[in-house]
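K.L.:
Below are the chains, spelled out letter by letter.
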Amino acid sequence: MITVTDLTKRYARHTAVDHISFEVHKGQIVGFLGPNGAGKTTTMRMLTCFLSPTSGTATVAGFDVLEQSFEVKKRIGYLPEMPPLYPEMRTAEYLQFVGSLKGLSKTELAKRIDYVCERCAILDVKDKLLGKLSKGYRQRVGLAQAIIHNPDVLILDEPTSGLDPKQINETRELIKSLAGDHTIILSTHILPEVEQTCEQVIIINKGKLVATDSVSNLQNRARGAESLLVEVGARNGLIDPVKVQSRLELVSGVTRVALKNKRDNRSVFEVESRKGLVRGDLARVVVEAGWDLNELRPAAVSLEEVFLQLTGDAAAAPTEETVPAGVK
Amino acid sequence: MRNTWIICRKELRSYFVSPVAYLLLAMFAVIFGFFFWNILGFFVFRGMESQMRGQMMPMNVNEEVIRPLLSNISVIGLFLIPMITMRLFAEEKRTGTIELLATSPVSDVEVILGKWLSAVVLYASMLLLTALNFLFIFRYGHPDWKPLVIGYLGLLLQAGALLAIGTFISTLTKNQIIAGAATFGVCLLLWVLEWVSGYETATWARVMSYMSVITHFESFSKGLLDSKDAVFYVTLIFLGLFLTARSMESLRWRS
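Residue numbers (our numbering), protein chains in the order written: chain L, 327 to 654; chain V, -12 to 242.
Some clues are possibly wrong.
[Claimed, not checked] Using 30 Å as the maximum straight-line C-alpha spacing, the simulated DSSO-like pairs for lysine-lysine come out as follows:
(1) V/80 x L/452
(2) L/454 x V/80
(3) V/215 x L/458
(4) L/532 x V/161
(5) V/80 x L/400
(6) L/461 x V/161
Calculated from the structure, these hints are not laboratory results.
Please construct the entire structure, taking both the sequences and the accompanying hints into account.
P.N.:
The following block contains the structure:
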């Protein structure tokens, strides 16, 4: 649905987006993740034809954003970071204006307005002035505006920023429910949001693409180099955690062992290791030493860790490892 | 064309739901009323004077009331036009709604034309109010109506040109005050350029005074439809709107 190839946006002094390539398939929800100032908004603005790319191409539904921007605009619904509302208009009036701007006929428009108002739960503010709406409602009217013409592609720039937790959940549910009919790209710097709503993640940092992958794959990949939780117990008598720790540290591939939790006859350790088959060795070491191995499981990894790993200095050149764009 | 109309209607709505339109209409009506009363008063005074002297001087309503009145309105217009155009694009840029317009399937030209037209319609409605004053003249006198129509056409053309320039300036900034002040400066300059012709007849002075919008209103206020002057205004309209279009396009490169 969306193909981006070597997209670059250069300003006089800095490069906001630097040779980004990725692909989004029909019906997917894709999270566009990056710290503030990473180039998320710039990329989205190029996809919506608001900005022209310096070099590279992007196509939406098969149309080039530069050459066939008119066709692209017809198929895109866009919610900028600041919902583009006219404070002096009433909600229904505003949707009417946007709808007619998007080329809907009068009869179609009436139906669509009812539909989006219900979908976005803004029926009760239909006759209110947009300038008087609360932040949550403004965001929802913004979303209603984006879907009024039933676009193939929805581009949402930080749709949950500035909302309270309840509103954030509602907005996420709403976005999820829109997937399927629409292909959705949403940008955010909040990681759990991506974990909850998206199937695919595109991570960018300082204008460069860091990773594109599915959420579960990314978690798995990170987990490979991540930590394990090992619970060691002793059937008879007490156990000396220091002894266990030094024993575990001797296992090849283990980089760090930390005592997490200690009770009289069992201790939990967090073992960090490089990729490899440390689990078997760990188990063997514990059992051979005469202790019990109560539990051995991978510690849950949040995207946060993945993100820090990928964007941090520790992983200086992670781009080589990343799965090629577009792989599901 | 449909999109131009949609934009134009939206702009007119926001003029007329806010106090802007009413303030401008009221101000214009009051100032014009004052000028009308003044000029008419002077005309009546001169009529009485010539009667007292016992010699009837030939007096002409068109020449002595309508013409100075039209010239005066054209100058008042210069002061009010920045207030009409300053918000057109600056406001959209400030609130971010420009992103909606720029990502909707409408062309820049349609947006620009719609906005400019709404400004012209607002100005025209201001002019329409002043027509009330002329009803009195027609009630009590017998002026020729054709010069009046041409005069109004001139006013509209002149305003159209300045509104186009104001629209352009409004695309350059997010700040309405800056847009308004700059437009005011340019309008003022385009007026006073004509003054050099008062003491200088060299080519540069003639060129300068030719560029003044007031110079070209001269013939309209006399009731003459001079194509040279009409073309001047139309050219200025095109220039202003063209620059607006370029400026809109450059937004896509500069963000």
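K.L.:
For each hint given before, does the structure comply? Return the numbers of the non-compliant ones in rising order.
P.N.:
3
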